[in-house]
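Q: With these hints in hand, go ahead and build the complete structure from the sequences.
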Amino acid sequence: MNRGIRYLLTLLAALFAAPVFAQHTHDDGHDHAAHASGPQRTVAWPKEVVELAESLPVQDGGRVKPFYTYAGFTLLRLNGKRSVKTPTGERLTPTEWMLDVLFYPDLANTYEVFSVDDIAAVREFGGPTDGKEKRDRWSYEELFPHVEQLFERARAYSQIDEKQLDTVQRQILTLAHNVDEYIRISRKTAFAQTHLPVGAGDGLTKIFGGREEIRFSELLDKVDALRVLQGELESDPSRAGERDSLNRLLSAAVQVTEGSEALAMFPPTHDAQSAPEWLSPSDVLLQSFAGGGHAHEHVAMMADLERAMDARGDMGELHKSLAGFAGRTKELARARGEYEKIGLELVYYKSKLLDYSHYGFVLGFLLAAFMWLKPRSKWLYRLTTLSAWGAVAAITALIVIRCVIRERPPVSTLYETLLFVTAVGALTALVMETINRRKLALSVAVVLGTLGIFLANKFEELDKRDTMPELVAVLDTNFWLATHVTSITLGYGAGMLAAFLANAYLISRLFGLRKNDPTHLKSLSRMTYGALAFALIFSVVGTILGGIWANDSWGRFWGWDPKENGALLICLSQIAILHLRMGGYLRDFGIAMATAFQGTVIAFSWFGVNLLGVGLHSYGFTSGIAMALWSYYIGQWGLMAICGVHHMIENARHEALTQAERTPDVAPNPRAADGRAS
Amino acid sequence: MRFIDAFVKGLSSIWLSVVLLVLLALLTWLGTLEQVHTGLFEVQKKYFDSLFLIHHVGPVPVPLPGATLVMGVLFVNLILGGILRMRKGVSTIGILITHFGIAFLLVAGFVKAYFAEEGHLTLYEGERSNVFTSYHHWEVAVLEKLPDGQVREVVAPEQLFADAEQGARVVLNSPDVPFQVEVTRFLSNSRVLPKGPMFTPPLPVVDGFFLEALEKEKENESNAAGAYVALLDPRTGKRTEGVLWGLSKQPWTVEVDGRTWGIELRRAQYLMPFVLRMDDFKKEDHARMTMAKSYSSDVTVFEGSTSRPVKIEMNEPLRSQGLVLYQSSWGPQNGRPGDRLFSTLAVVRNPADYYPAFACFVIALGLLVHFGMKLWRHIRAETREAV
Chain E
1 MNRGIRYLLT LLAALFAAPV FAQHTHDDGH DHAAHASGPQ RTVAWPKEVV
51 ELAESLPVQD GGRVKPFYTY AGFTLLRLNG KRSVKTPTGE RLTPTEWMLD
101 VLFYPDLANT YEVFSVDDIA AVREFGGPTD GKEKRDRWSY EELFPHVEQL
151 FERARAYSQI DEKQLDTVQR QILTLAHNVD EYIRISRKTA FAQTHLPVGA
201 GDGLTKIFGG REEIRFSELL DKVDALRVLQ GELESDPSRA GERDSLNRLL
251 SAAVQVTEGS EALAMFPPTH DAQSAPEWLS PSDVLLQSFA GGGHAHEHVA
301 MMADLERAMD ARGDMGELHK SLAGFAGRTK ELARARGEYE KIGLELVYYK
351 SKLLDYSHYG FVLGFLLAAF MWLKPRSKWL YRLTTLSAWG AVAAITALIV
401 IRCVIRERPP VSTLYETLLF VTAVGALTAL VMETINRRKL ALSVAVVLGT
451 LGIFLANKFE ELDKRDTMPE LVAVLDTNFW LATHVTSITL GYGAGMLAAF
501 LANAYLISRL FGLRKNDPTH LKSLSRMTYG ALAFALIFSV VGTILGGIWA
551 NDSWGRFWGW DPKENGALLI CLSQIAILHL RMGGYLRDFG IAMATAFQGT
601 VIAFSWFGVN LLGVGLHSYG FTSGIAMALW SYYIGQWGLM AICGVHHMIE
651 NARHEALTQA ERTPDVAPNP RAADGRAS
Chain W
1 MRFIDAFVKG LSSIWLSVVL LVLLALLTWL GTLEQVHTGL FEVQKKYFDS
51 LFLIHHVGPV PVPLPGATLV MGVLFVNLIL GGILRMRKGV STIGILITHF
101 GIAFLLVAGF VKAYFAEEGH LTLYEGERSN VFTSYHHWEV AVLEKLPDGQ
151 VREVVAPEQL FADAEQGARV VLNSPDVPFQ VEVTRFLSNS RVLPKGPMFT
201 PPLPVVDGFF LEALEKEKEN ESNAAGAYVA LLDPRTGKRT EGVLWGLSKQ
251 PWTVEVDGRT WGIELRRAQY LMPFVLRMDD FKKEDHARMT MAKSYSSDVT
301 VFEGSTSRPV KIEMNEPLRS QGLVLYQSSW GPQNGRPGDR LFSTLAVVRN
351 PADYYPAFAC FVIALGLLVH FGMKLWRHIR AETREAV
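Listed in order, the protein sequences are those of chains E and W.
Just so we're aligned, residue 1 is where the first sequence starts under the numbering used here, counting upward by one.
Just so we're aligned, residue 1 is where the second sequence starts under the numbering used here, counting upward by one.
Calculated directly from the structure, the hints in this document are not laboratory data.
Accuracy of the hints is not assured; some may be wrong.
[To be verified] Covered, in the sense of this in silico footprint (three residues per stretch, anywhere, with C-beta under 8 Å from a C-beta of chain E), are these stretches of chain W:
| no. | segment |
| --- | --- |
| 1 | 14-22 |
| 2 | 26-40 |
| 3 | 106-112 |
| 4 | 244-252 |
| 5 | 314-327 |
| 6 | 363-377 |
[Said to hold, decoys possible] Facing chain W, from chain E, some residues (calculated, C-beta under 7 Å):
| no. | residue |
| --- | --- |
| 7 | I537 |
| 8 | V541 |
| 9 | I548 |
| 10 | N565 |
| 11 | L578 |
| 12 | H579 |
| 13 | L611 |
Even for Gly, the Cβ is constructed at its ideal location relative to N, Cα and C.
A: What follows is the structure, encoded as structure tokens:
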């Protein structure tokens, strides 16, 4: 390896090693200054171009996924939602937005996509605040003159312990990460927009046929010849001028790929086993100069992108070039066995199964309300049942598709627990309904389903990360995910269903609903018991399986870790309730109260313990979950308190009545046992 | 007799079970919240490995039974009330099976707590060993170099001399050693300092050095024990004083009986019935991320005259002859690509290793039988009602 290349490699290595925020200094002229007005898109993105882009495979977060998924979560992170409204009033999907960032960066820079919750954060680094609300969005163009100050603050705050940061500081950090990510994405196609100056020299003239400017792909294509030339120039001091030209050319090539490593779109030409990492333009350059050679597929892909870039303004031509790029990418990915699931993942998102499931539950919820108003109507009952079963079928299909895509059991992340618990809870309730047909379990199913999917959507919005991520080493085991995690989550689902049924009991008692039907409360109580028993089996077995797993991975069955303790608390509360029932210490009312409380124990174990320590990343995420949790705790305990007081008043009144009926000389029984009223 | 009857009845009552379950839940909950402020080791000692404790609610001290006591009583309650005195019949068979499984699980916990040996085996690639080292316990070893070049060891475990920490003088004897070792003082965390001219240290000075007692570290593994010892030669009556320190690299050497002996204080070492060679440690990351995808150690196990290659990785421990070896840690963390790495395997000898899996199966069976029968009866009743 000669000196020039070594210099180049050092430069590249330095770029790779540089920390976030450190790379983008804005004094260099070639950086895409936000105020420059480049080509503008005048027509909407044609459907065929968007569909082509959506299906492009990219490697991100350790796995190969559709461009559609990547664009969706990236926009969600920046903008807080999966759409952008442009200054001209056009509404863009994530893919269309990212196509603009890649092909029309100057246009995309005017879109207000950086969402900030508190304007104080923008004020702190001197960003523009005129005409902005407290919670608003900014465009890259607006932030551009202040990016240096933003990164400087973020660098300082990233040195501080996360727990010590206040909300404004956290928002500055988040915004800096988002701006950094945005810049890296827009750098992705910088190489395709640039012409590199060849410079003077006989060797260079010969290699590039006398042209003054070349494209990046052409330089890459001639790497071997350039290496030979560099060797010759090294040993010939009389050609110092040409050596400088060559070094200038190579530096320019490095500069146009700088920062492009965010997203890997170039599959290696080797098999996935020996070369698991996909490449960015800078990786391709680095590899070919490091002597690893380059694949002409990659050169052709670069040329495709350059042609697509040149064809801006002619969507037909752009589509043709992009199709060439997509064809080559897919062919390489397919050869590596990394393309099979892309189509299915697109189906997963574009079929909108989750939305349809949600609609089904909401519709079932409305129908159930009418059903209770018109209890005799058979067709209302049938429609509600149909709607609920449809919704459960949709969410089940969705979970199955996720399993197929990731080749994993149904639950491996917190988000998936929400989907699974919803499906299990609703399905169990529907099975109960087919057993006793009293409309109660059906009603609980639609309420649980509506709420569960609402929470899942909220969670995704807060987390803003791919919901099908790679897992850390200890979790990456399908056997234990399938047994322990599935079992515990089944326990959560059935336990939450029991809590819902218990609440239905409490509310029925409180408002005297269906007082004329003596079987109403009794069957609610029976179903609560059934769900609780079902939950107990899976909670206990799941908890012990967790211990066996821990024994296999850490050498101890039990370590009093918060998550273990949470699982134990669920088991203990369920066992205690069943024993209190068995011993006759609690009757229907008391069991309903205790089971409702048990729901908050599950919530504590499910989400609460995760909030105790560190590990959950951004402030918005944890605070959002904490808020939801505390609302549930307080709402549930409040309801229990009201029901308890109401119960005592009822008992006292009942006793007074019976006492009045009795002859005064008979002593009343002073101990009104719990739950005797029913 | 009536008192005993009432006592047994109370001890086996379902009311007591509920009280104990609620107490255990309370302790679990308090012990979870406490972990926000205090390390796991301390929390475990206070709430879970204890018989009694004082919990502070703000400034108010609340005395509570510790989880060990609660679980002990729960075990008795379970055996008496949940198995022995329970009505036996078709309808209770599921519950009986479940209770048996739970009791067995508690037994597994007690067996593990009292009989397990735990430690680690840290080897650089290429190294081999048949000894693993405790994280927590110390021992005093007397080493004798035999004429054939081998070293014979006589070892005294920590429980034999732990009383020396409270000032008791402990004398260690062995028929294999022609002298006695008297431990006059034991310090669970200490450092060695040279005696300077300007001060008088609180502890004795031997050969210009003395031990300074230190506060115990939060992480028990970081403590460095130290001991003052004296050798007594019963034939000559000669007494030789010395200082042992847990982290010193060389044993203290003495001449007795014309032979050379080494004496050292070290982490307790346990012999394995096989030799293990660390061949290769691998850490793989997910593509283009710093998140670990897998850790694994390729080792060779030599048993007698045979050897076999084994891969130890996350969730895939090596189980052999009562020992379980897990992938636990690795280093050096700042190593560059190509550097020689070491891998740390956690080693556990736990006679109850398989008990939980068995208990889990029994409990699952019991619960399924019990609630399955109930569900069956319920469905039949509902269908009759519907008819």
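Q: Each hint needs a verdict: does it hold in this structure or not?
A: Verification of the supplied hints:
1. A count of 6 residues in the segment 14-22 of chain W with a Cβ less than 8 Å from any Cβ of chain E is obtained; the coverage claim is therefore met, three being the minimum.
2. With 8 residues bearing a CB less than 8 Å from a CB of chain E, the segment 26-40 of chain W meets the requirement of three and the coverage assertion stands.
3. Counting residues of the segment 106-112 of chain W whose beta carbon lies closer than 8 Å to any beta carbon of chain E gives 3, which reaches the threshold of three, so the coverage claim holds.
4. Under a criterion of three residues with beta carbons nearer than 8 Å to beta carbons of chain E, the stated coverage of the segment 244-252 of chain W fails, only 0 such residues being counted.
5. Interface restraint, the segment 314-327 of chain W with chain E: holds (6 residues with C-beta to C-beta distance below 8 Å; minimum three).
6. Restraint check on the segment 363-377 of chain W versus chain E: 7 residues with Cβ-Cβ distances below 8 Å, three needed, restraint holds.
7. Taking 7 Å as the C-beta contact cut-off toward chain W, the hint placing E/I537 at the interface holds, the least distance being around 5 Å.
8. The beta carbon of E/V541 comes within 5 Å of a beta carbon in chain W, closer than 7 Å, and the hint placing it at the interface holds.
9. Interface hint status for E/I548: upheld, as the beta-carbon distance to the closest one in chain W is roughly 5 Å, under 7 Å.
10. Proximity of E/N565 to chain W holds as hinted, the smallest CB-CB distance being about 4 Å (cut-off 7 Å).
11. Given the 7 Å rule on beta carbons, the hint for E/L578 is violated: about 10 Å separates it from the nearest Cβ of chain W.
12. The interface hint given for E/H579 is met, as the beta carbon of that residue sits about 5 Å from the closest beta carbon of chain W, less than 7 Å.
13. Of the supplied interface hints, the one on E/L611 is violated, with its beta-carbon coming no nearer than about 10 Å to a beta-carbon of chain W, more than 7 Å.
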